[in-house]
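Peer 1: Top line first, the protein sequences correspond to chains F and V. Residue numbers for the first sequence, in the working numbering: 4 to 267. Residue numbers for the second sequence, in the working numbering: 172 to 497.
No lab work stands behind these hints, which were simulated from the structure alone. No residue lacks a Cβ here, since even glycine has one placed at the ideal position from N, Cα and C. Incorrect hints may have been included.
Label pairs and their computed distance ranges (CB to CB) [unchecked claim]:
(1) V:V250 x F:L237: 33 to 41 angstroms
(2) F:D6 x V:V250: 27 to 35 angstroms
(3) V:D335 x F:Y256: 22 to 30 angstroms
(4) F:L13 x V:S239: 21 to 29 angstroms
(5) F:F177 x V:G347: 31 to 39 angstroms
(6) V:E178 x F:L234: 50 to 58 angstroms
Derived DSSO-like pairs: lysine-lysine, alpha-carbon spacing no greater than 30 angstroms straight-line [what the hints assert, rightly or not]:
(7) V:K196 x V:K394
(8) V:K194 x F:K260
(9) V:K296 x F:K260
(10) F:K25 x V:K288
(11) V:K196 x V:K251
(12) V:K394 x V:K251
(13) F:K260 x V:K394
Each chain, letter by letter, is given below.
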Amino acid sequence: MKDRNLRALLRILWNSFIIQVKGVAISDYYIATILLQPVIFTIISIGTYIVGKRPDLGLFAITGTGLISIWNGNLFTSSEIIRDERRSGTLSLILATPTPLIVILLGKSFANALASVVAMGMTFLTGIVAFQLPIGIADPVGFIAGLALIVLSITCLGLIFGSLFILTRNAGEFVSVANFPVYILSGLSIPLTILPLWTRPLSELLTPTWGNLILNEAAAPSGASMLPNYLWVLGLSLVYLVIAWVLYRRIEYLALKAGTLEQF
Amino acid sequence: MSIICTENLHRVYQTTTGVIRRKRKDIVALDGVDLAIEQGELFGLLGPNGAGKTTVTRILATVLLPTSGTAQIFGLDVVKDARRIRPRIGLVFGGERGLYWRLSGRDNLQYFADLYKVDPAIAKKRIPELLELVGLADRANERIEGYSRGMKQRLHIARVLIHDPELLFLDEPTIGLDPLAARELREVIRGLHQSGKTILLTSHYMFEVDSLCNRVSVLNKGKILVTDTPSALKQAVANLEVVEIECFGIPEALVARLRAHPAVESVNVEQLDQSQLVQIQAPAGAELVQAFLGILEGVQVRKVVTRQPTLEDAYIKLVGKESKQA
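For reference, chain V alone in the conformation it holds in the complex (with noise of 0.2 angstroms):
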């Protein structure tokens, strides 16, 4: 039996627009999201900024209702049963926001031990240990407002293991990291894998959901586009090839004669510091390089390079067919 599963969820949150004639708005943040996660899966949970990672996070982890549908979790349901769930259940935001900053990062895990009502002389052994776990044993009696902000990220990860808990929500755990924080807690998430632990990963960072998770799904404006593994994802673009352009000023109306070409399948346009990295996907060997240049004459072109596709490149086309189609 799946550990998660979730039936036709949906979520609409109101909102209200204007000052004097208020008027009430629905936002669709879920429409009919249906998810089955094995015991001891480490699953990915991709998507856009706004693409309701963060609310299916929430609503399983018992802290969002739902509008309609079904959650449940270790047989479960979120909503009747959240009080049976939560003792088993960890959850970790993105970002420095969830820990008591007047505090030092032993007194953080020691309250939140005590809220999950952990056995004194468990807690009086666990702590030290996840604060080795997490390497921050050497920092763990200053007040955290001193800590930076991977030291924070990793401490979440204490928090949310201080209870032991069977299952982990994980959302953007990385976000704002640099690179090598965010290498370090990648490879404290696999630890936890490794261990036995089922961990939902939300994340936009395709590398990171490729190199750590055994399924993903990819979610865009609430739906679920597909659910598989990083691999056969990849799979569906292995006859593409990633030709990217950077220039400097691309108009909109040329991406749009990019993306009209008959044989191109999708185009991302991304803005770097002072140019634009067009990536354009295209079936392998078609030799359109020149054709993409001659639609771009006039714009100045600083390089061009093509190359294998990725599961970013997967998840691209997923979510540009998705707009497309919208």
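Okay, chain F solo, but in the shape it has when bound (with noise of 0.2 angstroms):
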């Protein structure tokens, strides 16, 4: 029975994802938060290093950079995975079958982290082509694996997030701004030793910051472990999506009571 149950959850999420995926490659949207936004986030990030005479710090640029891209691009992409809901009238839909909401847009918010993973390929190739940085990665299998955990992270990180859509249809306001704290306390668009120390915490809340710590490693090692950034990762990563879950069922409650989920 157990068994049975846990296929049928994978086939959800795996027929989530691509579903997800047939959307996100017909989708001007995505393709713009996706191949655009990354190219112009890195030419403002590499340009502010270049005229402040730090040109070393291109690589971290490029590292930061790509993770504010995938971040980004989770993130609205995933709040517009109910917007879609909403506009197709399938939200209240699916909210009636006996399958949690959650579990459907895990497999969706998977799909756009993965297809986000495009924006670093992207920075990269800004950096290279615009900059011509000298950028190379000393050890790619660290790198992939550190990218694939982060991935993994942000769109645990996302669902809380897009959890607000649910409750109403005005949550891009909110998501806009509260999208900035989240990489500069992360210590994406600007080095973490230069934030005050009172910020260290909240930093070491938020798996970016240690995503962006491995990746830059996996790209020049410094001989620094990388074992507890990595467990930092994992064990946020279960904290956000227990809070994710949690979550989901209370605005869900919420949103049934409020009466709000067909409205677009």
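Assembling the complex is the task here: the two chains are given apart, and the hints tell you how they should meet.
Peer 2: Okay, here's the thing in structure tokens:
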């Protein structure tokens, strides 16, 4: 029985993933978020370091901007999932099925996260083509493993923000604003060392902080052990998932109470 | 025991008005609805726009919470036991929404089969059968954004049957369909009922409810006015006849004078393309046509017809009386 349930769960995750991939492949919005946004962010970021006479921070700018793009792409496309469900009138129908909404959204969000990895490629390409930065990755396996883990983790973090879109169609403004602190506190846009010390605990609760260190270490090794960073990412991702699960149950109840599922 | 049972069901929506000084406003959608629907029934919920039909359907389908009162399905509470109810019910909303437009008809069915945790072997067999049932077998692999409205509605029916639910909620399933497509869909609904499904059908097409349903509740302004069989409802207007006068530009004051006529039961004005159709219910054999035409003196009249009342007239009488009292 348990085996059957697990197989059913995996099938839902897989099919939700595939449906989202089919949608992403033909959506202008997703393509713009994943392909164009990273180019613009990379130009601004690297340009700032060059003007500030710190071209040595080029690699930091590339990985940081890549993660910003992944985070941005994942967050906005995940919120778009709920908007799409509202627009197509399927939100209340999928809610009326025995499958928990978070399972459906997890499969779809992961598809978005995977698609947003393209954004990392775009940042590298922009750095190489636009600024002729000599970018090499010393430990490609470590880089890919770290990237895979952080993509999964960002998916879980994005689910927490995405849940707000179930409650109201106007969550976009809140998410747009809440988006910035995540990549500032994670040290993706500016080095963590220039942030006030009191922000450090907040930074440590965000997995992009640890993911950024993992990617930088893989690209230009300093010899530091990354095991604690991997453990932080794994542990925090589980915490995100539990928070998202609880949040979705609660928000689902509030949306049913407010009767806002069909508004778009 | 009733398969659906509601007691004193209320639902209030909250909205806001104004931009700077926003005021919260309560809109009463349901005002004490009591329903009891038996297993195997094809039960109709009739009412004008905004009567509360969709709200009842959504509450029963576990996608909206009632403000107060209770609703039970299969003896289970729709609020507390929603997760146990959901695998046993199916929900169709009218209109084109509710499907994944970028997917094919077959993929839509497959996805909903997964969400309802239908065994893959059963889904593999059932999907082609359902596509055949709704006449979409030859278009099953096309993206549904290219489907006509009628095809999408038929796919909705296939979708709702994918997990073989005992109870179906069909919320205005034929809305916006051309007459042929609507007739085909009604035949499918009739077939489902004959196969043993319990169905709650909401509609504002009287003939649809008349031809399909065992029993009907008429809902207006969130309240049930009457529950009976279509023939019993028609019986309530059996001693009446309907005078239909098609005219051009009838002033509201003259409609009020018609309503004030002591023999008139109700008056309904329907806007046609360029004219108005005034439907007057009056006692049969009262020979009141001349009196009505006298009231309409000066108004250009195109056609006058006297006919037997239908379920629609029973409905107009009920809803009209309620509006008059309000």
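Peer 1: The structure should be examined with respect to each hint, and the outcome stated for every one.
Peer 2: We went through each hint and held it up to the structure:
Checked against the hint of 33 to 41 angstroms, the pair V250 of chain V and L237 of chain F passes, with Cβ atoms roughly 37 angstroms apart. Roughly 32 angstroms separates the CB atoms of D6 of chain F and V250 of chain V, a value that falls within the hinted 27 to 35 angstroms. Restraint check, D335 of chain V to Y256 of chain F: a C-beta distance of roughly 28 angstroms satisfies the suggested window 22 to 30 angstroms. For L13 of chain F paired with S239 of chain V, a C-beta distance near 41 angstroms fails the hint of 21 to 29 angstroms.
Against the hinted window of 31 to 39 angstroms, the Cβ-Cβ separation of F177 of chain F and G347 of chain V comes to about 36 angstroms, which satisfies the hint. Under the hint 50 to 58 angstroms, the C-beta atoms of E178 of chain V and L234 of chain F, about 55 angstroms apart, fit the expected range. Between K196 of chain V and K394 of chain V, the direct Cα distance comes to roughly 20 angstroms. Compliance with the 30 angstroms bound is thereby established for this hinted pair. The straight-line distance between the Cα atoms of K194 of chain V and K260 of chain F is roughly 20 angstroms, inside the 30 angstroms bound, and the hint therefore holds.
In summary, the hint linking K296 of chain V to K260 of chain F is not supported, as the alpha carbons are separated by about 38 angstroms, beyond the 30 angstroms threshold. Annotation: proposed proximity of K25 of chain F to K288 of chain V holds, straight-line Cα distance about 22 angstroms (limit 30 angstroms). Distance restraint check for K196 of chain V and K251 of chain V: the Cα-Cα separation of roughly 28 angstroms lies within the 30 angstroms cut-off, and the hinted pair is therefore satisfied. Using a Cα cut-off of 30 angstroms, the hinted pair K394 of chain V and K251 of chain V holds, with the two alpha carbons roughly 24 angstroms apart.
With a CA separation close to 21 angstroms, the supplied pair K260 of chain F and K394 of chain V stays within the 30 angstroms bound.
When each numbered hint is compared with the structure, violations occur for hints 4 and 9.
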